[in-house]
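J.: Top line first, the protein sequences correspond to chains Y and X.
Taking this note's numbering, the leading residue of the first sequence gets 1, the next gets one more, and so forth.
Taking this note's numbering, the leading residue of the second sequence gets 1, the next gets one more, and so forth.
Hints are computed from structural coordinates only; laboratory data are not their basis.
Any given hint could turn out to be false.
Stated by the list, open to error - Below 25 angstroms or equal to it, Euclidean Cα-Cα: the simulated DSS-like pairs (lysine-lysine) are:
#: 1; chain 1: Y; residue 1: Lys134; chain 2: Y; residue 2: Lys612
#: 2; chain 1: Y; residue 1: Lys73; chain 2: X; residue 2: Lys21
#: 3; chain 1: Y; residue 1: Lys73; chain 2: Y; residue 2: Lys487
#: 4; chain 1: Y; residue 1: Lys231; chain 2: X; residue 2: Lys21
#: 5; chain 1: Y; residue 1: Lys104; chain 2: Y; residue 2: Lys138
#: 6; chain 1: Y; residue 1: Lys138; chain 2: Y; residue 2: Lys445
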Amino acid sequence: MSGVSRRTFLRMAAVSAASAAATTLFPGIVFGEWVHSDHDSSDVQWNKTPCRFCGVGCGLLVGIAGGRAVAVKGDPDSPVNKGLCCVKGYHSVQALYGKDRLKKALVRKNGTLVETPIAEALDLVANTMASTIKEHGKDAVSVYGSGQWTIPDGYVASKFLKGGIGTNNLEANARLCMASAVTGFLTSFGLDEPMGCYEDIDHADVFVLWGNNMAEMHPVLFSRLLDRRRKKKGVVIIDLATRTTRTSHAADKSILFKPQTDLAIANAICQVLVENNWVNHSFVQQHVSFKAGKTDIGYGLEDDFTFKDEARAVDLQDFQAFLADYTPEKVAAYSGVSADDIRYLAALYGDPARKVVSYWCMGMNQHTRGTWINNLVYNIHLLVGKISQPGNGPFSLTGQPSACGTVREVGTLTHKLPHGVVMNEDDRRMAAEIWKVPFERIPAKPTHHTVSMFRALDRGDIRFMWIQVTNPMVTMPKLKRYRDGAKKEGRFIVVSDVYPTPTTDIADVILPSAMWFEREGMFGNSERRTQHFNQLVAPPGDAMSDTWQLIEVARRMGYGDLFPWSYDDHIREIWREYGRFHDSPKHAMAPYEVLRQAPGAIWPFVNGRSTKWRYNAAYDPAASPGSDFDFYGKPDHRAWIWLRPYEPPPEIPDAAYPFWLNTGRVVEHWHTGSMTRRIPTLHRAAPAAYVEIHPHDAERLGIRNGESVRLVSRRGEIIVAAVLDGRGQPTVGQVFVPFFDESKLINELTLDAYCPISKQPDYKKCAVRVEKV
Amino acid sequence: MAICSYIVYPQPGSRDALRSKLTGIAGCDVMPAENNDVMILVTDTNSDSHETAVQQALKQIPEIQCLALTFGDI
């Protein structure tokens, strides 16, 4: 007992006694982390911040002592997580203190990165950007950001690029994770982002998870699903996926489908709904239009690929005829899902007594028909009128902490503006007026989406790229082409980051960034909740926020009049200026002062209140009074049901490459692992990437658990350890590899095919071969 | 100077509010169950007056349905 005081011993005994009593009363009871008295440690100051390690947006309380983040706990006042965190959240603050944190600017001189004063590095960035524009034109420079950008980061990048320089060469990695959700929302509803909120969980009876390993990717939200099921009899969770995961094991029913056939399954559910007359005809007649688009739309594999969809009006009868190809029996033949299971799913959606929420994330979005599958799940909810009500609705989850707040709402994509799109003259005029720039300066034509931007860098159409808060030399599909392109002579790459990565390896200039609450900012999560965080600790060395880096370079290039703010007030002033873009009941943002105090606010924020359910007149101030629902995003005030067929992916396993390759994340690591792999506990828990392989395939190939195997696609190969019966179990003929490990770059193998509408690549399906090493 | 532990039963639907109130009392630590509404409360007071204040504070929390003493003497 040495080292344990009498008092500590008594406390331990007290806890043991209570725990033993509770176990007797409630067999199987499990206790979580201690929530300590706020008054225990007077030297620790607790401050609120949203977590930055996924799109759920959990509220954290970070303990600061001696100018350092020393502790973290879930914020019990946060309606998102109600005091709970996942393993990343509980360890999150350690990510600030990795040994190899970038603290000084580095400039490549004669092939070697040399420590350089930050002002000199910023001079070089500004001078090179200016000289590139002078020599090659303004569309030869680009900025590539992230859904981990704060809202001010993205806003300043947009204003600098589009309002200052006058180029639409602005993209963000959310193109790789959320673009299909955006185009799905826009094509079905005319406005982006979910109509509901996390509170739907507290009202729903059925949760259908479409290709979404929520137990690992959104664990805190998943715990709320489990809690709902525990508290209400009859609540069911359905896991509809291509591989068995921890989510499958926790679900009431696991349904496995063959890759890409989710399109057919969604149509088959609609077919059963129509055939059984489970359609909510009143809702459909009042609130729905039917549209057909182009088919056989390609995969974006060619550099000069273009596509523009066209909506053609059709009606319910046309829809019914279209669905004739999607009877449960026909779809069962190629989806791998039995007709009974399809009818079971349809019965859940069609039962008027049950409230249903559908959740999805990358499984549907990283899909060569990503927009279509988003449309098709909306179709199901619209047919039965289960939408925009507490406990009823389709809900696209986000991967990153501010994919919604920054990339989608600020609009850091080539075609977007903080309000609307560059193609719309009114939207350009609004931006020009607020930014006080000549209207003509904002180009009306989008330039490059992400894959196109890196192809342009490879070809030499783009000569300068500034990458912030993202790691594309790990995440780009068909990676070798884009890495080789970025390293070509005549390219200049600037990377702002907090740690060395494969992307900083190719940089000409590395700028050290302030991370998370080392600066003030805001994130916007999946449920339209904007959350503010203060600067809580000082950034190390010369590290500077991405917002301020952009402002410093813009000022050096002569755009200082666009950024007149002082360092002390720039976040508040940016928020106020940005708020002018959304000054309407459809998208009003909460005032800065509210955000500083509250654990976030959901937009539209009107008359001091968050709007939890859009398009529902009982909750949404933008909906027409007197109506029940008003889908005001579309000119006809109706949501659109789309006729979207099943079409196969561009690359299917064959004799030479007989396995499907699926990629994704694990609960311990955030994206490419550049931060979480520097947290010892998380790194030890998941130290290296691996390939999950079905035991039958392993036996056939003579592969044992833990042995190295070579994975080969038409684009590249890697060697990884095989895992049989691990946390995930792929089906026969499929393998899965997580992408967090920079020493095992799975994207050397993936294909850069994308959804022609959203331009989002498909990381879930390509063909590989497995060889025993 | 007492150290006590309790199993705390919240009123239905008031678990989060109760946890928040308990952790707002000096000397109180709470360990919520992950799969049940109950929670463990440990009170660690440094004087008789502190102990009295904690007891008074607990009595004034309407979200407590039942407080079952499992360790200590009050």
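J.: With reference to the structure, classify each hint as holding or not holding.
T.: Here's how the hints hold up against the structure:
For the hint linking Lys134 of chain Y to Lys612 of chain Y, the alpha-carbon distance of about 49 angstroms lies beyond 25 angstroms, and the restraint is violated. Restraint check for Lys73 of chain Y and Lys21 of chain X: satisfied, since their Cα atoms lie roughly 16 angstroms apart, inside the 25 angstroms limit. A threshold of 25 angstroms between alpha carbons decides the hint, and for Lys73 of chain Y with Lys487 of chain Y the separation of about 43 angstroms lies outside it, so the pair is violated. For the given pair, Lys231 of chain Y sits about 23 angstroms from Lys21 of chain X by alpha-carbon distance, which is consistent with the 25 angstroms threshold.
Simply put, Lys104 of chain Y and Lys138 of chain Y have alpha-carbon atoms about 29 angstroms apart, too far for the 25 angstroms limit, and the pair is violated. With a C-alpha separation of about 13 angstroms, the suggested pairing of Lys138 of chain Y with Lys445 of chain Y holds against the 25 angstroms cut-off.
Violated hints, listed in ascending order, are 1, 3, 5; each of the other numbered hints is respected by the structure.
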